[in-house]
Structures are given as C-alpha cells and as structure tokens.
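If you're matching them up, the sequences are chains B and U in order. Each residue of the first sequence is one higher than the last, beginning at 292 in my numbering. Each residue of the second sequence is one higher than the last, beginning at 77 in my numbering.
Derived by calculation from the structure, the hints in this document are not laboratory data. Careful: at least some of the hints might be erroneous.
With a Cα cut of at most 25 Å, we get these calculated PhoX-like pairs of lysine-lysine [claimed, not checked]: (1) B/445 - U/174; (2) U/161 - U/137; (3) B/519 - U/174.
From the derived model, a few chain B residues whose C-beta atoms are all more than 12 Å from chain U [said to hold, decoys possible]: (4) 312; (5) 313; (6) 315; (7) 348; (8) 413; (9) 419; (10) 422; (11) 439; (12) 443; (13) 540; (14) 552.
The C-beta atom is built at its ideal place from N, Cα and C for all residues, glycine as well.
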Amino acid sequence: MPFSAQPPASGEGYALSASLDNARHLSSLLRAVHFQDHATFLATASGLRVTVEDAKCIQANAFIQAEIFQEFSVQEESVMFRISLSVLLDCLTIFGTSSLPGTSTALRMCYRGYGYPLMLFLEEGGVVTVCKISTQEPDELLDFDFCSTKVVNKIILQSEGLREAFAELDMTSEVLQITMSPDKPYFRLSTFGNAGSAHLDYPRDSDLMEAFHCTQTQTNRYKISLLKPSTKALALSCKVSIRTDAQGFLSLQYMIRNEDGQICFVEYYCCPDENITEAEL
Amino acid sequence: LSRIGDELYLEPTESGLSLRAVNSSRSAFASFLFAPLFFQLYEPGSAGPDTELFRCKVHMKSFLGIFRSLPSLEKSVGKCLILLKPRASRLVLQLHCKYGVTKTHNLAFQECERLQAVFDTQRCTSRLCAPARLLADAVVHFPPTLAEVTLGIGPSGKISLRNYVEDEAEPSKTMVTELWLAEDEFQSVAVAPGSHITFCLKEFRGLLSFAEASNLPLTIHFDEPGRPVIFTLDDTVLEVHLVLATLSDLESNSQSPSTNGVSHLPALSDEFADDLESYMAAMETNEGGSEGPPSPTFPLRTPQPAESEPEEEEEGAVPGTPPHKKFRSLFFGSVMTPGRPGLATTQEVLAEDSDGE
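Same shape as in the complex, but just chain B (with noise of 0.2 Å):
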C-alpha cells in the first residue's frame, strides 16, 4: 500500500503517517497505560505520545519514538487528537494477542488532520484488515509541572524487586503509602487494609538498588487504585525511577525493552491523597 509521506496537495498528504513491523512494539506499551477508555494522542517530528488520564490526579503517558517505528513522518509541528484507546487496542490486536515466534502483525497508520478517523492496516501472513477509529477533540491534558529540578527524592530500582510486590498489594488498603528517606526504611512501601497493615522495605544497599539520591525523609500518600494500573508497566519493564518533588507529587518512570531490545519509556504521575510531613511508621 503505497502511501508516500507527500507535502499535503489536493487532499493526497496525510498529517501523520507511520509504519511499523511488529504492532505489538506499539500495543504493548499502549496497554501499559490502559486504564481509561480514552487517550490523547500528540504526535511530533521526535515521535508518539499516548497520555491517559483519571480523576485530575493521575495521568500516564507512553513514549515511542520515531526511531521505533521503520516509517515516521508528521506534517505540521503536531498533530494532537483524542481516540478509544481500548478500540485501538483491539484493533491492533486483531490478529489475536497470542505472540508465536516469527509472525508479527505489520501496522500502517495514517492520520489525514483534525476531524478524519485514524485509519490503521494491519497485515499477517497475507491477510489485511483496515480499521477506521474516529477521533475527538483533545482534551486539555493535566500538567504536573514536575521537572527533574524540584525533585527532592529519587531511586532507581530494578522493576524484578517491585513487581510481585505491586501484584500483592493489599487492595482493601485505599491508599498506598511511599516513604522515602536517607535513614531507615530508606525506602518503604505500606497499606493499611482490613486485615491490618503492611510494610515492604528496601533498604538501600539492596542488590536491586541501582541509585539511591533521598536528601529528605518524605511520606506521601496516594489512592492505591490510582496507581494499581501500573502494575501492567512494571510488569514490561526492567528498570523503573521513583521520584518526588517537594509538594508530594510522585513521578514513576519505567524502562521498557521491547522485542528488538529498543528502548521505550511509560511514566505516571501521581498527586497525593495527603501530605504528612513526618515519617509514619
């Protein structure tokens, strides 16, 4: 299907236009951010971001650069428009999700500007399916202000350590309590559900620990069904970095590599349920 990335003449351009080999490079990531029905997607010379958003105090984003994609080329400075990610997703899985070695779904996505649906081609040995997802008005997406100069605390984990540990949280807890310091607990996890609470603590000589920069102690508070969609990105990823700044607000960044061994990046962004100042323990 020749679709040449033209300067747009007589309706022939297209406002984004993008291939790639193996659509799972892109489903994959997008279901690691899938915990609302829609997204917004932005699309700029350096690549694809698909954010997500819940009640004002939480907002995902996955990156996929350009150079993930072997076809990427956008118009205008950016192109920006708000899709059913869960239709995407099942679009892009049509083919089924099931990953048998040497077959992979190709993916051709082509966007001709605001108000036209988002076409997709899908092909797998032989077969074609096109798919036509309308699009809305973006929404106006929530920003953190969270720059990597306000950050108070950082770590850098290896996501093995993290992941049976975020797959076991105590969901009758409505919160998920962050402690991070420079003396003990170092860095801790709580809940506080039915059947009591519960604590997990990594200290910072853990083999796990890939960096450990805490200036202050810190213990925030967020409303764990918030963050229990990210369990599905640490569950991709290898590495991740928790940060917070000094207002609480928390920054989860995790490191994918996908199939190839490219890198891509998921982050979530969280606002406290409370600001408690001193440890709890």
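The hints should help you fit chain U onto chain B, whose structure is shown.
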C-alpha cells in the same frame, strides 16, 4: 486449618506453638502443634504465676493472605519472624526476602479463650494407621461435593469406605459408592469388627492433603458412632490432631446416660447389597430425642479447680449444628487428664497404642 474455620487460634505453649481452628457448628476441631525444634528460635514468652501465656485469634483469610503465593515464597523468602505484641494489639509477621527486602505485616488480633476439644485417643477402641496416599487414593472416588462418608469394619476385618446417604433420599435416585481396603494395606490395624463411624469428608480432605504433602502416615482413632473420630499425624517436630464429630446411632441413644455401653449394630452381611436398605434404616438416628438427657456419649464436665482456665460453657448436643445434620457437637470444656476415674468403657482396648511406625 482454613478448611475448618474462619479464625486461626494461636497458642504459644512451653511445648511449642499450637495453631488451632474450630468450625462454626463446633463439630470439627484441628490443632497443629509445632515443637520448639521446628523453629530456628522459639520464645513463648513468660507466664507469671497468675497469668498464662498469651494467646489470640486472627482472621484466617488475613493470615493466609500473607502466604498467598507459595512458589514465590519458596523462591524469595529466607526466613519468617512471628512476634506477638499484646500491648500493641498486633501480631507481627515479618518475611525476610532476598535482596534485603523485608515485608512486615501487622495483623489485628482478638484475645480469646483457650480452644480445646475434649478427646482422648487412649479411650478409642479402634485404631487404623495408613499412609496418607492410601486414603487419598480411596477418597478420590467420592464426588467432591460429598458431605459425609462412613468408615466401617466388615465382619472379616476388611475396611470399607462408603458415602453416607441421607435417610430422606430416595434409594432409587441415589448413587452409593463403596470401596473395601484390605488390612495389609494399612500400617497397623486394631479394630473391632462391625464397628463403623460416619464423619464429614470436607474437613477430613483438608488434613489428607496436608498429610500427603508432608508424607506422613495418618492414624485414625475411633470408637462408637456419636463419639468423635480423631485423626493424628505425628512427626518429630509436629503433632497434628483433627477431631470430628460423628453421626450417632439410633441404638446408642437408647442407652442410659450413665453408662457408655457398646452399641450393637446389625452385623454387616457379606451380601451387603441385599441388606443395604435394612442397613440404612439401622443407621437412622433419633433426631427428635435430643430434648432428653444430654448426650450419653460425651464425658460430662466436672468442676475442677486445678483447671484454672475459664472454659467455655458447652454441653453435648449444642444447637447450632444444622438440624438436618445429626452430628453431635464436640465437647469443649476442661481437658480431661488421662487416668482419671470417669465413665468407664466397657469395651476393652484391643491393642495398646504404639508409635505409628
């Protein structure tokens, strides 16, 4: 233990940590006693002259939730520390995992009375000991939904297991499964021919899986119908008891309360299929008679000043057992000290208790 009750009773004693459970109708009781040697460190705390060692109960689900995934526990957890903090009202379970990670669970507990069923394996007239595998293989033939099973000894000494069918069930619509095991399949047999007991399979299955997994032989101590059946597992560091109430028999109800006479059952004929219906009829128990004297088959509680623990006031036939189930509830009261003069059994013990191997 979770197959029996919703609450886990923890009782540290000088001889080890005892974990116990009882079911809501008080017809099943189990205890697991872990000797101090089982642990790397065991400090039961100190009991003063007037105080006892602290004990408590926690919600079974909360406790089990901590040990949710056994395979991952085995891989990642090095050791587990259990602390009972009465003043903080918390039972602390701390798992030390690999990479230096520590998981601390603080469970709320409730103080409780001592949970102890009255039973005495020495007083049981019959005893069977078998590898858990044998019984597990036998029990697999019964549907998972089966409630009660009857263990019986045929006149020739063969051991049978049959599903118990409610009297109200129509004989033509019910399926009866019976299997016979030869004596030599058991490690030891000391039984009275013609004896039989009917007990709840569900609670027994739980113990059976544990026995199979730990590869321990299972000993069954039983007596007459109506008297509890006691299953035991013994190990150097672990002692397990499961006490289940058994269905009492029509015949034994007519005995006077002061004797503990032997109930005479119609002998199981070898052509049991022909006698099935009459046998079933004989198994019928007297449901309406419970307003009469207290159960003749349970030892009565005597006030014993030496037993300083405040015990629960439980009598024999306690309501709370669902009426259509004719099980007597187990007696929970002072623990009988062996050798006390009490209700004498008129039937002699056929074989002395010996160690299960």
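Taking the hints in turn, this is what the structure says about them:
no., hint, verdict
1, B/445 - U/174, "holds (22 Å)"
2, U/161 - U/137, "holds (20 Å)"
3, B/519 - U/174, "holds (24 Å)"
4, 312, "holds (36 Å)"
5, 313, "holds (31 Å)"
6, 315, "holds (27 Å)"
7, 348, "holds (27 Å)"
8, 413, "holds (37 Å)"
9, 419, "holds (43 Å)"
10, 422, "holds (39 Å)"
11, 439, "holds (27 Å)"
12, 443, "holds (23 Å)"
13, 540, "holds (25 Å)"
14, 552, "holds (25 Å)"
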